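Q: Combine the two chains into a complex, taking the hints into account.
Each chain, written out:
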Amino acid sequence: EDKVVQSPLSLVVHEGDTVTLNCSYEVTNFRSLLWYKQEKKAPTFLFMLTSSGIEKKSGRLSSILDKKELFSILNITATQTGDSAIYLCAVAGYALNFGKGTSLLVTP
Amino acid sequence: DTGVSQNPRHKITKRGQNVTFRCDPISEHNRLYWYRQTLGQGPEFLTYFQNEAQLEKSRLLSDRFSAERPKGSFSTLEIQRTEQGDSAMYLCASSLLLGQGGSPLHFGNGTRLTVT
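In the order they appear, the protein sequences are chains A and B. Residues are numbered in this note's numbering as their position in the first sequence, beginning at 1, plus a constant of 525. Residues are numbered in this note's numbering as their position in the second sequence, beginning at 1, plus a constant of 413.
Possibly wrong hints are sitting among the right ones.
What the hints assert, rightly or not - Listed next, the in silico BS3-like pairs over lysine-lysine satisfying Cα-Cα at most 30 Å (straight line):
| id | chain 1 | residue 1 | chain 2 | residue 2 |
| --- | --- | --- | --- | --- |
| 1 | A | K566 | B | K424 |
| 2 | B | K470 | A | K592 |
| 3 | A | K565 | B | K470 |
| 4 | A | K625 | B | K470 |
| 5 | A | K592 | A | K582 |
| 6 | A | K528 | B | K470 |
| 7 | A | K566 | B | K484 |
| 8 | A | K625 | B | K427 |
| 9 | B | K424 | B | K484 |
| 10 | A | K566 | B | K427 |
| 11 | B | K424 | A | K562 |
| 12 | A | K625 | A | K528 |
| 13 | A | K625 | A | K581 |
| 14 | B | K427 | A | K565 |
| 15 | A | K562 | B | K470 |
| 16 | B | K424 | A | K625 |
| 17 | B | K470 | A | K566 |
| 18 | A | K528 | A | K565 |
| 19 | B | K424 | A | K565 |
| 20 | A | K593 | A | K582 |
Since the hints were derived computationally from the structure, they do not count as laboratory data. These numbers were taken from a predicted model, which means no experiment stands behind them.
Chain B on its own, in the form it takes in the complex (with noise of 0.2 Å):
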C-alpha cells in the first residue's frame, strides 16, 4: 500500500494525558498536513509542512499541540494534557508541491482520538 498511512487507527486516552500520532506519507509527496474532523463538520485545517519545515500553523491551534517533521519524511502530531474537546478524528495529507493550483491532498485513514 503507497497511500498515507497513520498509527495508531484509535485511541483512547484519559483526559491530561499526552498523546502522540504518528503518519507516514506517500513517499515523493514533499508537502504535509494536518487536519482535525468532527462529527458533522468539515476537516479543520491545524498545520503543515514543506519538506522538513513548518509554514503554516492555524491559529485556533492551542499551545498543547505540537507537530515535526524531523527529516522531511514521517510526522508526529502531539497533542499535551489532553481534553474532552480535542476528541476527534485527526488525519494527515500529503501532496506534491506542483505549480500555481498546487496538486490535490490525498487523505490517510485518520487516528480516531477519544479522551475520557
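Chain A with its partners taken away, still in its complex shape (with noise of 0.2 Å):
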C-alpha cells in the first residue's frame, strides 16, 4: 500500500524563522512528489518534483527530492505569519496519495 508520511505533524515558530517540512514515502509506480499549501479551503499548488537533486524555489520557498532514499522537504526561509497553513505532501503513483499534512503557524 502506497504511504506518505509528513513530519513534523505541527510546528509554531516565530516571524522571520526557517522552518523545513519532511516529506517521505514509499510509493509503486513513482512518478512525481507534490508540495501544497491549505489555508481555509481547497489546497494550492506550490511545487511539482520529478528528478532527485533538483531545487525548485519560489520566493522564500524551496524544495528537494531525493529518490533514492524517497523524501523531500519545503524549506521556508523568513516566515511570515501569511505563510501559517497546513502544508501537504502529495506522491503521484497509480493515484496521487496526500500525507496527513504539517500545520505551521507562524507567530508576530
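A: Encoded structure:
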C-alpha cells in the first residue's frame, strides 16, 4: 500500500525563523511528488518534483527531492504570519496520495 | 473565474438521505478527481476520470458512493443512504494528462457535508 508520511505534524515558529518540513514516501510506480499549501479552503499548488537533486524555488519557499532515500523537504525562509497553513505532501503513483500534512503556525 | 467549481458549498442532510455534489473542472483539463478530507487528515483519494472514463476507484470506497462524468466535462458524486461517518469535505480537482510526471492537480473549494 502506498504511504506518505509527513513530519512534524505541527510546528510553531516566530516570524523570521526558517522551517524545514519533511515528507517520506513508499509508492508503487512513482511519477512525481507535489507540495500544496492549504489554508481554509482548497489546497493550492506549490511545487512538483520529478527528478532527484534539483531544487525548485519560489520566493522564500524551496523544495528538493531524493528519489534514492524516498523523501522530500520543503524549506521556508524568513517566515511570515501569512505562511501559517497546513502544508501537504502528495505523491503521484497510480493515484495521488496525500500525507496528513504539517500544520505550521507563524507567530508575530 | 476559470478555476474548479464545486456546488453546493455546504450540504446538511439527515442520515439515510441521498446527496449529490457537482464539480465543474477547468475546461481544458481531461482528468478529474474526487477526494474526501476530514479534520486533521490529508485529502483521501476516492476516484478519478480521464475524459468520461472512470479509471480508478479507491478500494476503501463504499458501494454507496458513485461518481459519473457523462460527457467528459462536469462530474457528479452521489452518496446514497448517508451515514454520520460520511461527514467531511469533498474536494474535486482537475489536471491535464501531460508526460510521465503528470501535471499538478488544481482543487476546487470543496463541498462540506454534514450528516445529522
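Q: Run every hint past the structure and note whether it holds.
A: Right, here's what the structure says about each hint:
1. A:K566 - B:K424: 16 Å, holds
2. B:K470 - A:K592: 27 Å, holds
3. A:K565 - B:K470: It holds: about 27 Å lies between the C-alpha atoms, which stays within 30 Å.
4. A:K625 - B:K470: 20 Å, holds
5. A:K592 - A:K582: 18 Å, holds
6. A:K528 - B:K470: 17 Å, holds
7. A:K566 - B:K484: 28 Å, holds
8. A:K625 - B:K427: Distance ~29 Å between K625 of chain A and K427 of chain B Cα, so the pair holds.
9. B:K424 - B:K484: Holds: K424 of chain B and K484 of chain B sit about 25 Å apart, inside 30 Å.
10. A:K566 - B:K427: 24 Å, holds
11. B:K424 - A:K562: 25 Å, holds
12. A:K625 - A:K528: Holds, at about 11 Å.
13. A:K625 - A:K581: Answer holds: K625 of chain A to K581 of chain A is near 22 Å, not above 30 Å.
14. B:K427 - A:K565: Given that 30 Å is the threshold and the Cα spacing comes to 25 Å, the pair holds.
15. A:K562 - B:K470: 25 Å, holds
16. B:K424 - A:K625: 24 Å, holds
17. B:K470 - A:K566: 24 Å, holds
18. A:K528 - A:K565: Judged against 30 Å, a Cα distance of about 25 Å means the pair holds.
19. B:K424 - A:K565: Holds, at about 17 Å.
20. A:K593 - A:K582: Given that 30 Å is the threshold and the Cα spacing comes to 21 Å, the pair holds.
Hint violations for this structure: none, all hints satisfied.
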